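Visitor: Here is how the chains run, residue by residue.
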Amino acid sequence: MPKHRLTAFFLSFFAAVLLVAPAYAAMLNLHNGGDPASLDPHKISGDWENRIVGDIFEGLTTEDVGANPIAGQAESWTISDDGTVYTFKLRDNANWSDGQPVTAGDFVFAFQRIMDPATAASYAYLQYPIKNAEAINSGKITDFGELGVKALDDKTLEITLEQPTPFFLGALTHYTAYPIPKHVVEAKGDDWIKMENIVVNGPYKPVEWIPGAHVTTAKNDQYYDFASLKIDGVKFFVLEDQSAALKRYRAGEFDILTAFPKDQYQWLEENHPGEARVVPFAGLYYYVFNHRKPPFDDARVRKALSMAINREVIGPQILGTGELPAYSWVPPGMANSGESSEVDWAEMPYPEKVEMAKTLIAEAGYGKDNPLKVTLRYNTSDNHKRVAVAVAAMWKALGVEAKLYNSELKVHYAEIRKGEFDVARAGWLADYNDPVNFLDLLKGSTSNNYGAYSSPEFDKVMDQASLETDLESRAKLLTQAEEIAMDDNAAAPIYFYLSENVVSPKIKGFEDNAFDIHRTRWLTKEE
Amino acid sequence: MLGSEKRDALVDALEPDHGDGFAPKGRSLTEDAMRRFRRNKAALVSVYVLGALILVSLIGPFFIPFGYEDPDWAAFRLPPDFASGHYFGTDQNGRDMLARTLYGTRVSLMVALVATLVSIVIGVTYGSIAGYLGGRTDAIMMRFVDIMYALPYILFVILLMVIFGRNVILLFIGIGAVEWLTMARIVRGQTLSLREREFIEAARAAGLKPFQIIRRHIAPNLVGPVVIFATLTVPEIIVTESFLSYLGFGVQEPLTSLGTLIAEGADVMEVMPWLLGFPAGFLITMLLTLAFIGDGLRDAFDPKDV
Amino acid sequence: MLGFALRRLLSTIPVLWIALTLCFFILRLAPGGPFDEERQLPERILANLRAHYNLDKPLLVQYWDYLTGVLMGDLGPSYITDDFTVVDLISIGLPYTFILGGCAFALAILVGIFAGVIGALNQNTSSDYGIALVVMIGLIVPNFLLAPILQLVFGVSLGWLPVGGWGEGKLSHLVLPVIILALPHVARISRLMRGSMIEVLGANYIRTARAKGIGARLMITRHAIKPALLPVVSYLGPAAGYLLTGSLVVESIFGLPGIGQYFINAALNRDYGMVLGTVIFYMVLIILLNLVVDLVYALLDPKVRAR
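Residue numbers (my numbering), protein chains in the order written: chain A, 1 to 527; chain B, 1 to 306; chain C, 1 to 307.
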């Protein structure tokens, strides 16, 4: 055990007790849920990490208060007529927190680093629209110079894409597209991310990280828009227990909660009206059927099970926050999408659905003497448990015997990927604003197609859509693909997620949006 | 052997007084103890209350029109209500809380009983062998127990539950395996003193083998301390189980236990107090009565204190 | 005494080794690995990750590497919290766990002994029963139930104390977690103390002292408390262990950093390195604490000291 660390800790501990802690004029206390895995944008994957890392780094474009892409480190850009070459002009006053200028070389370095198989960045695929990115990331091309990201000069960057990608400017706001300080990484190696070395280019810079407690940031005086930052720093608190978090919010210890116990929604509405911000969120909660395994390869069984789920009860009653029932695959309001295509039985009254489901189950050869037995898997969580208990009871009405099985997230996904399930809970939150992000979950060969749904017809339409440059016809093709999958009842969509923030009236400038991204630079705090 | 000696001090309180080595041991001592126990009002009342609780949890479900896992689609989050027959209200899934509380009580009791049984079987076997054989074997066996005391068991139980899924059997075994150490110590101490008694000498002279002696003559004489220890262990196990449930390592739905119910109820204590109040009431009553019974038994078997 | 301590320590090494080995292999056999996520990683990236964390070698080689690492004081990387090694994390969490546990330990001993002595001196009076009842409630109300209640009352409603967090170590932040952590042990210690105090008070030498007319108060402190402490001292070893594990819940409810919270997160996230590291750390700590308790016991107990 390194002794100096301990000594240092005790010294700082007593110093903190004795001295009055530096009083921040406007410190934002944010309940952030889990502990970040890293501050390195190439090593993270969760929304709680995004909240921190997105405050301390900034890409070519960045999110405005409504999570729409706006100019970030790039002040302007041009797009070639065929939509495949983007040329960005970096801001002259875009600097790293150590005063060094942010250069096009830093971006090239970052894009090469994230695609380098040795970095093992789990989210690299998000930038696969860039030319040769996928090939480099999978090791087919070993010369990083072939990546479609080039520095024309210190402040000019050119990115070439594989094919026109309507959502690319949005994808550039994502943390997979953040620059990395080349000069620091080259000097310090893997240790560049340590608190004493880290150099950032976002509006805030990290100053303290105590795992299991909090990450603290402070204003970055090198940031180009430093003058307009109203919040002096953020404390991102780690606390998984949501009801404890709500108590701390009520005691004034937190200004923003990023989640709250659903059961307290009504109570919050009555006692803190307007503070709970519950709005539709680009995410889908669904049950996967295992197509590898009979009888779930039988469309009638899938349809019956899906029909019997009374979605209208789940949001308002079982969960209590009123999640919107999902009868289609793509959440409403996604960009570049056409009409949403719901399953054809969506509007049927529930008793009729049950009757029809019973008939379908009987047709598939199950009945009183030969009941269908289903194991329903979910990952450990109070909400998933409640939905599963309710669905099991709904299926009971069809004579289906459902057994519940829960396990931790890691085990859950490892096993459903191996195909060790009948029906399993899954969820997807949008990475970027495009229906493809959701429809890819059902594509034959992708690893997130947990149920191994395979429909050549669906795959064909999806491939056509990916080559289509006209946005309108592309949207039509995507709708068609969604229809195919829904007609097949490939999986059972259950509800669309809600983002559930609780925002203190002291905080201004918090604008609800479908991606639940709220950068600190847009917020102010009144005392 | 400092290590074992110091723990004997802990165990001392459980050991019957052997000052009168010639007093006939057996029924009359137990009868005396029972007489003393019956004079202890708190303990006696506790026996009745606990008995009633167990009885209700066993036969109650037959008189309730709701199952512990079936939602009442007409009644979600219903406060206790006589009109609808949900006397304890319903939970967020519309399940009757009375049925769930009774069911949870059953599961908690079962976990406690089975785990206690596991600890008794291992502890008595181990302790009586060590005590009877004595000497070097005893020294090594008890040294092992000493070392095992130093392991953070709860971590191992958590690991077991994480790794092999939420298996009730494993929960029994895991918790039972934690508790056997103290049992082994107590039993060994008892056996050591019994070993020197005349009736054991006689049995040995009659040519009985060591294991026969342990089974026929030593084990029956351990009943008192084992029972006392068991009453002290049961609440400990119930608390351990609820602790694991809180951390999310409890039994699988739709099974439930008092610990799971309380952990869920604690989150909503302001908005749905009935989800917490009833299971917590059951658990606390159960633990209180067990504590009084344990104290009563100890006082009864160990007249020094009175 | 030193020889005894050494022998004691040496004899625990095989147990440590066996526990470590068992944990190591059981963890590897468990379903789910540290890199299983909602979003599947490409095989190529998984291979890189495995190579990075030394998980691609044969299991026995990994085991050997790990064992030699442990002997050198290197517990390896944390697979989940990427920016820290296991040793980093433990040394960050240790002071918090120690301050929390140490305060709770001190509180439990002081209050427990005090309550036990009062109870014994007023045996079978209403104050004895009163103490017993209060203490009993502390023992049987689960901490995850008591904690939110106290948070609501003292933090939210009355606003006297912070609801959670470390708050730069301000005393007010420690009050609730320390009380919650100490309560069950106050109960156990006071019961042990009461029992052994009653016994000592009934012993011949105390009767003699009383007959000689030594003032009651002086008599209690000088003659009775010290011998009556023995069973309490012997409970302290296990108590220290319980305090460490008890902090699992307290840390997560109050949002405190600390090894207990790290362990739970590591176990849930299949962070092999961190789980093994914390288990080893806990074992060594508990063994050391037990040793200290044994030595204290030997100092207090004339029978043992004479040998």
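Be careful, since some hints might not be right.
[Stated by the list, open to error] Within a straight-line C-alpha distance of at most 20 angstroms, the following computed SDA-like cross-link-like pairs (lysine to any residue) qualify: (1) C/170 / A/253; (2) B/41 / C/136; (3) A/506 / C/170; (4) C/170 / A/221.
[Unchecked claim] To be clear about the criterion: a stretch of chain C counts as covered by chain B if any three or more of its residues have a C-beta under 8 angstroms from a C-beta of chain B, and this derived list gives those stretches: (5) 12 to 26; (6) 110 to 116.
For the record, the hints were derived by calculation from the structure and aren't laboratory data.
Note that the coordinates shown come from a computational prediction; the quantities given were computed from them, not determined experimentally.
Just so you know, even glycine gets a beta-carbon here, dropped at the ideal spot from N, CA and C.
Visitor: Evaluate each hint against the coordinates.
Guide: Here is how each hint holds up against the structure:
1. C/170 / A/253: holds (14 angstroms)
2. B/41 / C/136: holds (17 angstroms)
3. A/506 / C/170: violated (25 angstroms)
4. C/170 / A/221: violated (30 angstroms)
5. 12 to 26: Coverage by chain B holds here, the residue count being 5 at a Cβ distance below 8 angstroms.
6. 110 to 116: Our answer is that it is violated, as 0 residues pass the Cβ test (under 8 angstroms) against chain B, missing three.
Violated hints for the displayed structure, listed by number in ascending order: 3, 4, 6.
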